[in-house]
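Asker: Okay, here's what each chain looks like letter by letter:
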Amino acid sequence: MGNVFQLVWLIPVLPLLGFLINGLGRKQVSKTMAGIIGSGTVFLSFLISAAVFFSVKDGNTHVAHYFDFINITALKIGFDFQIDQLSSIFLLIITGVGFLIHVYSTAYMHDEEPKDFAKYFAYLNLFVFSMLLLVMGANFVIMFIGWEGVGLCSYLLIGFWFKNTNYNIAAKKAFIMNRIGDLGFLLAVFWLISKLGTADYHTVFASVSKLSATDITGITMLLFVGAMGKSAQIPLYTWLPDAMAGPTPVSALIHAATMVTAGIYMIARSNILYTMAPVTQCVVAIVGLSTAILAATIALKQNDIKKVLAYSTVSQLGYMFLALGVGAYTGAVFHVMTHAFFKALLFLGAGSVIHAMSGEQDIRNMGGLKKHMSVTHITFLLACLAIAGMPPFSGFFSKDEILAAAFASSETGGVILWGLGVLTAVMTAFYMFRLYAMTFLGKFRGTHEQEHHLHESPKAITIPLIILAILSVVGGWIGIPEVFMQGGHKLEEFLAPVFAQSNALTEKHHLDHLTEYGLMAASVVLALGALISAWSKYSKYQKTEKEESGLGKVLANKWYVDEFYDAIIVKPVLSIAKYFSNIFEKKGVDGFVNGIGKAVNYGSRQIRLLQSGQVGAYVLMMVLGILLFFIIQLFL
Amino acid sequence: MEIKWYIGLAVALFCTGIVGVLTRRNSIIIFMCIELMLNAVNLLLVAFSKMHAASAIAQSNPNVVSDAQIFVFFIMVVAAAEVSVGLAIIVMLYRNTHSVDVNFLNRLKN
Numbered sequence: 000m001g002n003v004f005q006l007v008w009l010i011p012v013l014p015l016l017g018f019l020i021n022g023l024g025r026k027q028v029s030k031t032m033a034g035i036i037g038s039g040t041v042f043l044s045f046l047i048s049a050a051v052f053f054s055v056k057d058g059n060t061h062v063a064h065y066f067d068f069i070n071i072t073a074l075k076i077g078f079d080f081q082i083d084q085l086s087s088i089f090l091l092i093i094t095g096v097g098f099l100i101h102v103y104s105t106a107y108m109h110d111e112e113p114k115d116f117a118k119y120f121a122y123l124n125l126f127v128f129s130m131l132l133l134v135m136g137a138n139f140v141i142m143f144i145g146w147e148g149v150g151l152c153s154y155l156l157i158g159f160w161f162k163n164t165n166y167n168i169a170a171k172k173a174f175i176m177n178r179i180g181d182l183g184f185l186l187a188v189f190w191l192i193s194k195l196g197t198a199d200y201h202t203v204f205a206s207v208s209k210l211s212a213t214d215i216t217g218i219t220m221l222l223f224v225g226a227m228g229k230s231a232q233i234p235l236y237t238w239l240p241d242a243m244a245g246p247t248p249v250s251a252l253i254h255a256a257t258m259v260t261a262g263i264y265m266i267a268r269s270n271i272l273y274t275m276a277p278v279t280q281c282v283v284a285i286v287g288l289s290t291a292i293l294a295a296t297i298a299l300k301q302n303d304i305k306k307v308l309a310y311s312t313v314s315q316l317g318y319m320f321l322a323l324g325v326g327a328y329t330g331a332v333f334h335v336m337t338h339a340f341f342k343a344l345l346f347l348g349a350g351s352v353i354h355a356m357s358g359e360q361d362i363r364n365m366g367g368l369k370k371h372m373s374v375t376h377i378t379f380l381l382a383c384l385a386i387a388g389m390p391p392f393s394g395f396f397s398k399d400e401i402l403a404a405a406f407a408s409s410e411t412g413g414v415i416l417w418g419l420g421v422l423t424a425v426m427t428a429f430y431m432f433r434l435y436a437m438t439f440l441g442k443f444r445g446t447h448e449q450e451h452h453l454h455e456s457p458k459a460i461t462i463p464l465i466i467l468a469i470l471s472v473v474g475g476w477i478g479i480p481e482v483f484m485q486g487g488h489k490l491e492e493f494l495a496p497v498f499a500q501s502n503a504l505t506e507k508h509h510l511d512h513l514t515e516y517g518l519m520a521a522s523v524v525l526a527l528g529a530l531i532s533a534w535s536k537y538s539k540y541q542k543t544e545k546e547e548s549g550l551g552k553v554l555a556n557k558w559y560v561d562e563f564y565d566a567i568i569v570k571p572v573l574s575i576a577k578y579f580s581n582i583f584e585k586k587g588v589d590g591f592v593n594g595i596g597k598a599v600n601y602g603s604r605q606i607r608l609l610q611s612g613q614v615g616a617y618v619l620m621m622v623l624g625i626l627l628f629f630i631i632q633l634f635l
Numbered sequence: 000m001e002i003k004w005y006i007g008l009a010v011a012l013f014c015t016g017i018v019g020v021l022t023r024r025n026s027i028i029i030f031m032c033i034e035l036m037l038n039a040v041n042l043l044l045v046a047f048s049k050m051h052a053a054s055a056i057a058q059s060n061p062n063v064v065s066d067a068q069i070f071v072f073f074i075m076v077v078a079a080a081e082v083s084v085g086l087a088i089i090v091m092l093y094r095n096t097h098s099v100d101v102n103f104l105n106r107l108k109n
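Chains as they are written, first to last, in numbering that gives the first Met the number 0: chain A, 0 to 635; chain B, 0 to 109.
Hint data in this document are derived by calculation from the structure and do not stem from the laboratory. The beta-carbon is built from N, C-alpha and C at its ideal position, and this holds for glycine as well. It is possible that some hints are incorrect.
[As the list claims (entries may be wrong)] Example chain B residues on the side facing chain A (calculated, C-beta under 10 Å, incomplete): (1) 20; (2) 99; (3) 102.
[Unchecked claim] Some residues of chain B that are not near chain A, with every Cβ distance over 10 Å (derived): (4) 17; (5) 50; (6) 69; (7) 87.
Isolated chain A, as found in the complex (with noise of 0.2 Å):
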């Protein structure tokens, strides 16, 4: 199985290939076709990916270099694949849920006609590109391609249906947050490439002590500005909501399992650095913890299903961050991997019950669904076990995970962390079953076409979701604790050689037993609790005409963000634009160009009239200039 490394190219090509054949011939083939050839690329995409897993777990890694992309005589920055434990477990993630999403949108998207269906494959299949060089590269540049690539796979996907004026908007504000954070990227690559002369990440691990404390200090910063603005972290996470506009599908790959995560990639690769940048961590687990409660506030007053999730999207990535700050990469990756699993099938399975409901979006006019829809309700309640944390689904394992590492980080903070933590997951379970209960449980509160609507969706969209809740259910499993089961833990065994040199450095906090069961106990009842609690009332919700007031009203605004960001920042920077598209180019640039040309005009009218033609006059210049010549002979 050593020769499946040689394979390792085709993994990003075919989704390439098949970008290229929807995206040109998107006006001859045929709707099937376009879905064969999006879904058939990733598929075997996967399949190369999950051989190359199995010869990566028999402890095979592999770098494998193309051709010289930038050869400049100090800097030489190779077009370089590198293949270990970390990037088959993304690659896993990319091609299998991409692919059972692939699989969903053919039957989502089946209203659309044919030209757009293929483009839209065709840019779900560059996506699908563009992740998979992110996660394959083998130095920073590379990597920074792929960043790039999502980013603008965004734009393109969130803006679909660009008739709507609304969604362009979105899908701008979500790619110029992005490019904000890439320039933090940018900054960082440079660095490094000016201190070490290389952005390979070998050599760069390798060589971390050359680098003084500042350097290290402000790579990390800045490559986290980098995972700010592309994993949605505060103050560059108000895109994630807005971005609900494109379809669900490509709500459920992009920004639940794949490009949002693409920041705890980067960290979980740079882990060495993060290390060793103590005041960096620390800033990242603060960033992460707080953006996991505020997000979680926002979406405990949300009505509509995909902004419920999309916030949740936020604040679960906030765990992530909370993990990598305080040290728990194999948690980060883990609980990434979980989240991919649970929110792909929440999104898929609001997408079912939006296309069920004809297309209302908000939660206030379902209700009752579950006897309508009996394969999306059960698969959704399994997504929602899993994200609330209930053992043994999966969400338990990572979050717990997660929970444990904030206790041990530290002696005095670890408690902070840890109950602050256990707030956010408290109020994660809350509003993931006021959302469950108030879409499938109680009386339907919609109109009556859309009573006489309600259907299960084809098998199309069902299959991927029973899969999905499959994995949401075991998927913790290969994660289990110490404490329940010695050497249980075989995610933390086979991603070891990555953290190793991270690992080495930190002095793990190890709990005792006893420690560990409380905080396991306590998260659990407390989370439970809320469960119940938000079951039991919002299965009897009734609609009101009521308004929001008070925190309510400031929840359901999202805590007026956009307001204040839009008064700071883009009021200021379009009157700018403004006074230099009116003022300035107008009057100012135009002027002066427009200037030139009279003044020439003016001299060269002046100039014409020596040409008078008189005699008299020529002898009157020719003088003259003698006259000149000579007194410049004479002083000069």
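Starting from the structure of chain A, add chain B where the hints point.
Answerer: Quick look at chain B alone, frame taken from chain A:
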């Protein structure tokens, strides 16, 4: 006589010539003024030649005594040639425009 008188006369003649060239309308008068300028220069040459004659002999270079005076003849020859050509041009102009007025010659205008 002191050299300053000769210089003064020559300069006066030269300036008169220039002013005449610039101001007069009749092209034949302009020609006469040009001649005036040339002759002023001739006068100056001869005067300077005489002035330097005594010191030149003392410096043992006998050739330089009458250099300028010979040069005057060259100038006169050139003046004559130029006058012949110029008068021919004036005659042609008169045949075309029936006037010797210089201001009439503005066909180069614009």
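Asker: State for each hint whether it applies.
Answerer: Hints, verified against the model:
At about 6 Å, the closest approach between the beta carbon of residue 20(B) and any beta carbon in chain A falls short of 10 Å, and the interface hint on this residue holds. At its closest, the beta carbon of residue 99(B) sits 12 Å from a beta carbon of chain A; the interface hint therefore is violated under the 10 Å criterion. Below 10 Å, beta-carbon pairs count as interface contacts, and residue 102(B) has one with chain A at about 7 Å; its hint therefore holds. Not every CB of chain A lies more than 10 Å from the CB of residue 17(B), the least distance being 6 Å, so the non-interface label is violated.
In this structure residue 50(B) is separated from chain A by more than 10 Å, as the shortest Cβ-Cβ distance comes to about 21 Å. Non-interface call for residue 69(B) relative to chain A: holds, since the shortest CB-CB distance, roughly 26 Å, exceeds 10 Å. Distance check for residue 87(B) against chain A: the nearest CB is about 17 Å away, which clears 10 Å, and the non-interface claim stands.
In summary, the numbered hints that this structure violates are 2, 4.
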